[in-house]
Amino acid sequence: MSENQNQTPVVRCRDVSRTYQKDAIPVHALRSVDLDVHAGEFVSLAGPSGSGKSTLLNIIGGLDEFDGGSVQVDGVELDGLSPAALSALRLEKIGFVFQAYNLLPVLTAQENVEFILQLQGIDKQQRRERAAQALDNLGLGELGERRPGELSGGQQQRVAIARAIVTRPVLLVADEPTANLDSATTEELLVLMARLNSEQGMTIVTATHDPMVMSHAERQVHLSDGRIDRDG
Amino acid sequence: MIALAWRNLWRNKTRTLLTAGGIAFAVFLVTFSMALQGGSYEDMIKAATRFYTGHAQINQRDFVTDSKLEQTIGNAAALRAQLEKKFSLVALPRVQAFGIVSREERSIGGMLLGIDFAAEVAQLDLYDDITAGAIPTAPDQALVGAAMARNLGAELGDDIVILGSGKRGGVAAMALTVTGILSTGQAELDRNLLFAPVSSVQDAFGLEDEVHNLVLVLENYTQVKALAAPINDLLQPDQSYRTWQQLLPEVEQGIELDRVSSAIFYYILLILVSFAVLNTFVMVIFERTREFGMLMALGLRPWRIIGQVQIESLFLSFIGVLLGSVLSAALVAYLAEVGIPLSAMGGEAAQQSMAKMQAGSVESIYPAFSAASLTTAPVVLILGAQLSALISMLRVRRLNPVDALRAE
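These protein sequence lines map, in sequence, to chains C and U. Following the numbering used here, the numbering of the first sequence begins with 1 at its first residue and continues without gaps. Following the numbering used here, the numbering of the second sequence begins with 1001 at its first residue and continues without gaps.
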């Protein structure tokens, strides 16, 4: 066991299940899933469509509900948390990277990154410094004043990563982060994420179909029919 | 958040400009129309009260219903002086008597009004309608309604005799020379009225320092209700103070009817524009569902997203309100100077309508702002826009971030 694995995991799922009703037919998206993600791990959740990887990622990210079991993020039990408490947890502890970047189109790259710090109530001067630093670290120092529409897909996704990590979250959740990128840009982004993981110890959980993403992750968790069928 | 709201507003410039333009148009239309109405009401009230009735009248209480000769106000001169000294007004004494008016072989019934010609001519417009001759200047002279003169076959310089009952039951008789013919265009007045100096009528009908009416012309007619209490304090219990609203109910009712029917139109227009704003924000929800999902995923609570869009709605309505108010203010300021000729607002029909309300002297309408005209449309539309945005955005409370992030 590594040193990290002796500590309390950043994510701890026990016997997690999730059932949807689709056209009055129950769909078992997750069935009794157990998963621990330790600090500093880079985990990819892989599997075919409908395997439950996005559902598991959303549950870990506090975005989706679960029917049974227990999920803890940084020691906080998610079951029973009020919507307000879940929002606060996401804001303070989790960084999100979405497939479609989801930047605010009317704000510049710098302002998009600052925005989440503003939500945390951080003062203006500190916001500016931290956002500029985050963009600089991701090679976007010169593009801070550009709006998303003036950036390439890869640049937008890097701004999204800057927004996700600027709050110094305990967990970075990325849902298909490379789905809209070409292979060269995907490679660049994955190198960046791997660097964040290795140099800053950022814990990353990503859901993906992309073999390139899987190959950069140190741990691959494969799901099928709502169950983990391979971990490692 | 404020800067973000402002920038969000311009994400779809055409839609924002169209919606703000709709608000501006509604504000302009309602504000200008209300100013026009307010101005026309003011002109109408001033014209109607200045014609003959005055802003208020003091009578012996029973005279209002019975109109008997003995139902008078005593010590009229002292009361008149007291009123004029204490308040910013002019009090015009009037005596009113009924009798048979004769010239040679012809006799007809008529109403004789004893008035203070000099004071009345200075205050009222009725005497602008003298079509022949001049106002009486001697005690034995009379001003006669045109139809009465015609019925009597009387012309300027002719003598007429009035016979009636004096206050103490005796015969009251007056011989007067016609010095002026009055043609107001109002058949009842022209057929029944003749005017003579008040002191002559008092002497002939056995009235001492008594009048039937004190017609009050105020410096500011809007004070007419505020003065009711202090003036009533000066009056005897059997005397009454009546405002122009009581004396000319048709004017007030006409104004009220116009106000209510216009208000219905205005509110329909404002509601329609609010629906256009509602439509705008329904579109906002559809277009920005994924963005709202992202904001919720990042940790923004739904009420903060709703608040954000409420600010956008506030900006939108402010732009429209500002534009509409500036345009209407400019137009009202211009027309308040030059006026709108009544002939341009319905021609003869409008003039006849004014004449019916004794406001025939109104030739032009001058729009005038009031607190209501300035605030009604802006307040309703700002609140309407807020409500429209809120109704649309309440859906955000039920939005699931996962579903919202999948929205197209």
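These aren't lab readings, by the way, just hints derived from the structure by calculation. Among these hints, one or two may not hold up.
[Claimed, not checked] Anything over 12 angstroms on all C-beta distances counts as not near chain U; from chain C, calculated:
1) I25
2) H28
3) R31
4) N58
5) A88
6) A100
7) L103
8) L119
9) V173
10) T185
11) E199
[To be verified] Derived coverage of chain U by chain C (criterion: at least 3 residues anywhere in the stretch with Cβ under 8 angstroms from a Cβ of chain C; other residues may be distant):
12) 1080-1086
13) 1249-1262
All C-beta atoms, glycine included, are put in the ideal place defined by N, C-alpha and C.
* To do: Return the numbers of the hints above that this structure violates; sort them in rising order.
  => Hint check: 4, 5, 6, 7, 8, 9, 12 and 13 fail, others pass.
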